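Take the two lone chains and join them into the complex the hints point to.
As given, the protein sequences belong to chains A and B, one line each in that order. Going by our numbering, the first sequence opens with residue 1, and the numbers climb by one from there. Going by our numbering, the second sequence opens with residue 305, and the numbers climb by one from there.
Hints are computed from structural coordinates only; laboratory data are not their basis. Take these hints with a grain of salt, some might be off.
Beyond 12 angstroms from chain A on every Cβ pair, some chain B residues (computed) [claimed, not checked]: (1) 401; (2) 410; (3) 618.
Pair by pair, the computed Cβ-Cβ distance ranges are [said to hold, decoys possible]: (4) B:621 - A:20: 48 to 58 angstroms; (5) A:200 - B:645: 49 to 59 angstroms; (6) B:329 - A:212: 26 to 36 angstroms; (7) A:192 - B:617: 22 to 32 angstroms; (8) A:212 - B:418: 18 to 28 angstroms.
All values derive from a computational prediction rather than experimental measurement. Ideal placement from N, C-alpha and C gives every residue a C-beta, glycine not left out.
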Amino acid sequence: MAFAAFSTNAAPVEAAPKKRSWIAPFLLLPGLAYLSLFFLVPLIALLLTSFQATEFGPLGKEFVYAFQWENYVQAINEYMPHIGRSFFYSITATIFALLIGYPLAYLMGVTLRDFPMWKSLVLMLVIAPFFFSFLLRALAWKQLFADSGPVVGVLNMLGLFGPGDYLNGTDFSVIFGLTYTFIPFMTLPIYTSLDRLDIRYLEAAGDLYGKPATNFWKVTIPLSMPGIVSGTLLTFIPASGDYINASNMFLGSPSTAMIGNVIESNYLITQNFPIAAALSIALMAVILVAVSIYIRRSGTEDLL
Amino acid sequence: MIGNFAEAGADLELVGISKRFPGFTAIQELDLLIPAGSFFALLGPSGCGKTTTLRLVAGLEEPTTGKILIGGKDITNIKSYRRPVNTVFQSYALFPHMTILENVAFGLRRRKIPNAIELATEVLKLVELEHAANRKPSQLSGGQQQRVALARAVVNRPALLLLDEPLGALDLKLRRQMQLELKSIQSEVGLTFVHVTHDQEEAMTMADTIAVMNKGRIEQMGSPSELYDLPQTVFVANFLGQSNLFSGKVIENNANSFTVDVSGKAVKVPTKRAQRHSGSVTVGVRPEKLDMHLNKPKDAANLNILGPGVISDVSYTGVSSTYFVDVPGIGNMTVFAQNLEESENFGAGQQVWLSWVVDHTFGLADMPEDEGKFVRDDDTTSLAALELADLIEEIEEEM
Numbered sequence: 001m002a003f004a005a006f007s008t009n010a011a012p013v014e015a016a017p018k019k020r021s022w023i024a025p026f027l028l029l030p031g032l033a034y035l036s037l038f039f040l041v042p043l044i045a046l047l048l049t050s051f052q053a054t055e056f057g058p059l060g061k062e063f064v065y066a067f068q069w070e071n072y073v074q075a076i077n078e079y080m081p082h083i084g085r086s087f088f089y090s091i092t093a094t095i096f097a098l099l100i101g102y103p104l105a106y107l108m109g110v111t112l113r114d115f116p117m118w119k120s121l122v123l124m125l126v127i128a129p130f131f132f133s134f135l136l137r138a139l140a141w142k143q144l145f146a147d148s149g150p151v152v153g154v155l156n157m158l159g160l161f162g163p164g165d166y167l168n169g170t171d172f173s174v175i176f177g178l179t180y181t182f183i184p185f186m187t188l189p190i191y192t193s194l195d196r197l198d199i200r201y202l203e204a205a206g207d208l209y210g211k212p213a214t215n216f217w218k219v220t221i222p223l224s225m226p227g228i229v230s231g232t233l234l235t236f237i238p239a240s241g242d243y244i245n246a247s248n249m250f251l252g253s254p255s256t257a258m259i260g261n262v263i264e265s266n267y268l269i270t271q272n273f274p275i276a277a278a279l280s281i282a283l284m285a286v287i288l289v290a291v292s293i294y295i296r297r298s299g300t301e302d303l304l
Numbered sequence: 305m306i307g308n309f310a311e312a313g314a315d316l317e318l319v320g321i322s323k324r325f326p327g328f329t330a331i332q333e334l335d336l337l338i339p340a341g342s343f344f345a346l347l348g349p350s351g352c353g354k355t356t357t358l359r360l361v362a363g364l365e366e367p368t369t370g371k372i373l374i375g376g377k378d379i380t381n382i383k384s385y386r387r388p389v390n391t392v393f394q395s396y397a398l399f400p401h402m403t404i405l406e407n408v409a410f411g412l413r414r415r416k417i418p419n420a421i422e423l424a425t426e427v428l429k430l431v432e433l434e435h436a437a438n439r440k441p442s443q444l445s446g447g448q449q450q451r452v453a454l455a456r457a458v459v460n461r462p463a464l465l466l467l468d469e470p471l472g473a474l475d476l477k478l479r480r481q482m483q484l485e486l487k488s489i490q491s492e493v494g495l496t497f498v499h500v501t502h503d504q505e506e507a508m509t510m511a512d513t514i515a516v517m518n519k520g521r522i523e524q525m526g527s528p529s530e531l532y533d534l535p536q537t538v539f540v541a542n543f544l545g546q547s548n549l550f551s552g553k554v555i556e557n558n559a560n561s562f563t564v565d566v567s568g569k570a571v572k573v574p575t576k577r578a579q580r581h582s583g584s585v586t587v588g589v590r591p592e593k594l595d596m597h598l599n600k601p602k603d604a605a606n607l608n609i610l611g612p613g614v615i616s617d618v619s620y621t622g623v624s625s626t627y628f629v630d631v632p633g634i635g636n637m638t639v640f641a642q643n644l645e646e647s648e649n650f651g652a653g654q655q656v657w658l659s660w661v662v663d664h665t666f667g668l669a670d671m672p673e674d675e676g677k678f679v680r681d682d683d684t685t686s687l688a689a690l691e692l693a694d695l696i697e698e699i700e701e702e703m
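Extracted from the complex, chain B is given alone in its bound form (with noise of 0.2 angstroms):
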């Protein structure tokens, strides 16, 4: 299995996985099939089990239950130096006493790869090192042990590269470079990419598909469009993009929509695009679907309309700006609206009316109640917050 470069990459198949740790369970059940040369992303917020699913797969951990495919090849009891498989870790794990290209050319000597050096060579030329070959990773800035911790894995060709948060330590600019790097070498050299990360910018610019954990479960998976345009539970919704949800009963069904009563007002939701079509349910809209109006729109079939509302917070961000509109009974709703002329009228404190296209709507399988989803360091908002301090941090130590 070893000694050769994977010739493209491999089906990766988890079937019935659960892990147990003394206390706690990482994973429950999965079962998952990633379909050669695809780029996979793992999506969930710190804690949710992605991490483990990937430390699974590497051979660092044992799974509790349940059998591990590479290739339709049953892995599950093989040493993780015997596995097509690579690792870009969260902490880079570079090997402090080795210089760049040694720590890059150390898998292709344990595979007595004629020509390492060459290879290694040529793989730091494109991450844009080859200048720092000689120095120690501690000579490095994170973003460059990142880069390094990259084409140590890269280079090795395996059939399934795992990447574990591999970006994070990077500045925007860099990032962006890397991400479009890591997709042209994947489509370059068919492996399979399975990507882990917390950021969900990332998994959609990058991934062919996604799956959304939370608490050791998958709770969607399916291409980054379909996951942003029909999200099928609260967390998704939320986690993904941000949602604007109602809850209420089911008051009418017809044969493509049926009819939600939000605090008395009616929103129509399309009947293949719900989960759940009777008693109550959760529905929701993508803040960017939302039209303001000074003045109540018509009623028309296709509408939605909600108001009047007050807009309590306006805040401008260039491409668009963000309305938090207040509406009596359903609360806050957040909207995205483009910097037109118009949007000079819709100041703090305007009464507004908001509308949208029925098929813009969606219903989700569960509640927001449902098992407190919304534990507040999970959110996106903190997770950059973190991220925003780090990078600061890392810029301060540039300096």
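Next up, chain A with everything else stripped away, as it sits in the complex (with noise of 0.2 angstroms):
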């Protein structure tokens, strides 16, 4: 369903094809195929193996296939602090991230449309992050934060930090993270929004009484709903699973462990794979409803 935000329209499979033909169907055989192989069947063992029990035989430790629900119990109940925490995150980086991404989407797509060299440039930055690892930015803010790095020694200068405080591992440090990576995904849909927005809607606004700031809230914001659902989406999704920024070898610390964190360390150190199962659907379960609202509620369904 949160996929459906995406796509340009919203019911091309209703659109019942008038003749019957073989074609089609073998057209998509190879993306169903993948579809099935690398998406349905890992979903399926998931969803088995969260359910799984736990059982003490000759070689110790195993797993067995059994309907364990308590396990999600287990799970929720363990985790909540780190759901929550995950949330808290992911909203608060998406919602940074758009008063950032914003306002560089309507700069390159609205102000500098007349200005095509001007407007490639600022593109250009906006996406040039990329041709950087993820990883290697990650670290380069961990050093930049770091206890003896420039941005502690400005704040000390300044009077704002103590000889006590620090920066990295802070909630501050992985909202930060999470809101760098995620920029451009928030900015490019927005641009594209706001690239086709026609000037003349607003001049119409502006013919009809409306003041400039009136007209932004009441004709441009609602016009580039699309591109804010489709940005949003893209940050918040990935964002609430991200275990990279709030690890505590970039630039979290065990206090600002989210929710990838645990189900990381509950699949490869301690291995409690069904527990890391549980968390994963309850993960996915959560996105998908609150998406799903999301949605719903900017009414950008006919939009989209």
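Structural data, given as structure tokens:
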């Protein structure tokens, strides 16, 4: 359902083909095969794992297929703080990314519309970070935020930071990292919307006594809503499951662990597969519900 | 200035307006006074600067030089949202994310008028679209959208209503209906309407005063009948209706008339109906003023006679027929004649004489050769063809 938000037409499937032909299914075959092999099968495996029960056999701890729904209760009870923190971080980061991304997109799509050279330059600046590895950029920020790094140095100099204060591993650094990572994902869809915005609507609004600020809220924002919805989803969904920024190897610390970090450690360190799987499924479910409510509420189904 | 409905229309005055865009001049030194309460049409081919003039008045462009006054108040530097002016845009520019009712109420709400929804509904009734109040613009046909655009502007009762080709997308019947509607709204409310159009028939039927614009200048201004009866330039003579034009040297000057030598034929022109009275001049006569005769009519002091010529083509248009008469030395003349019994005599190939009353002749200020005024895609015929194509497209869309 969430993915419908990115498609240009909400109901392409319903346009029933007039002629029954084997060509369409045949052309779909590779895609369907790929989807079932790499999406459906793992998803089912994950679902089955999430209900597995632990048994102690001759080889030690092992997991057997069962219907142990208590896994979910246990996972959610145990990791409630992480789940809450995850959504707090991802929602905050999404809001900041929107606050930074929208003006950027507006600059490119509207203000610089008649100056193609400047527009390309800004667009390039937005995309340029993609040329460097995401991990490298996170590490670079870790260096910048380090206790002996320039940011803390400046804050110390200004007297805002005392000797015991630090940046790395705080809520701030994780939210900063998430915001920074997802700004391009927020900016580009909004830019596409604003680039198509017909200036004549704004002229008409001005002609109808709308002040520029009113016209922005009444005309520009609603008309760029599809971009805003796409951008926030492209930011919010991956940010909720992010485990790089929040990990203590990068900008986080144990106290900033997000649900992604918990899943990672349950899988790879404690090897508690059913709990990790239950957490993954729960995360997916919460995101799906949140996103579908969001799409409904934003009323963009017909604009998408 | 805003916050209240205009009590009445206001004068619009343009003083020395010019507008230059990089690379070309859209308007040159335009002076114009449109009195309050009048229905004024700016008529001209595409690219003549009429839409730019409208945008200057609406505040969507800034003039390079000159002043704009509404009701005696200089509004040149006032932002568009503070001007007591509303525009019906050529592209309609209806907000796609709002319902029809919200679109119409937009201006009222911005001015914090209390019963915005009631007033908007009332205006929608006027344009017969109250049933579509809750639809989105994309669910309406082009003609309906145009009526919404009109309603959205009229509901604000501006001192000055600007119409940018507002009836272009309507079919003939609806257009007639809307023309009458507009006219009645205008006389009811007494607003000043400025109507930009390339449709000379629309301008003539609706406007009290027409200004014919060409290449950023006003060629001639006056009431429809004045402009039609006595065009002053070749452009006006051809753009507003059709004309038979001849050029020649003035050979004789009398008290009330002068005679022009057109390829050896004498054509008399009343002195007060001519812009120039000596040297080479261009004179003309409207096609419906011409009479055709099988035999050479008797010379008379008040008659211009040309001929003999040969009818090269006849086209029947119902109310009348159009005859193309090839007169040696003069060229093709167009004659509109009613379909009476004698018209059976006038078939293609028939030799005829043409005559008209001297008082119907007009003398122009310029010559047809001047600065290439016959640009092919500017004339009414090709514009009409374009409109026809659009209309057919729209009909097909609706089916």
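How the hints compare with the structure:
1. Once the 12 angstroms rule is applied to beta carbons, residue 401 of chain B is inconsistent with being away from chain A; the minimum gap is 4 angstroms.
2. Taking the minimum C-beta to C-beta distance to chain A, about 5 angstroms, the non-interface status of residue 410 of chain B is violated against the 12 angstroms cut.
3. Consistency note on residue 618 of chain B: stated as away from chain A, and its beta-carbon is indeed over 12 angstroms from all of that chain's, at 46 angstroms minimum.
4. Checked against the given bound of 48 to 58 angstroms, the beta carbons of residue 621 of chain B and residue 20 of chain A, roughly 53 angstroms apart, stay inside it.
5. Checked against the hint of 49 to 59 angstroms, the C-beta distance between residue 200 of chain A and residue 645 of chain B comes to roughly 56 angstroms, which is consistent with it.
6. For the pair residue 329 of chain B and residue 212 of chain A, the supplied restraint of 26 to 36 angstroms holds, since their beta-carbon distance comes to about 29 angstroms.
7. Checked against the given bound of 22 to 32 angstroms, the beta carbons of residue 192 of chain A and residue 617 of chain B, roughly 56 angstroms apart, lie outside it.
8. Roughly 24 angstroms separates the CB atoms of residue 212 of chain A and residue 418 of chain B, a value that falls within the hinted 18 to 28 angstroms.
Checked against the numbered hints above, the structure violates hints 1, 2, 7; every other hint is satisfied.
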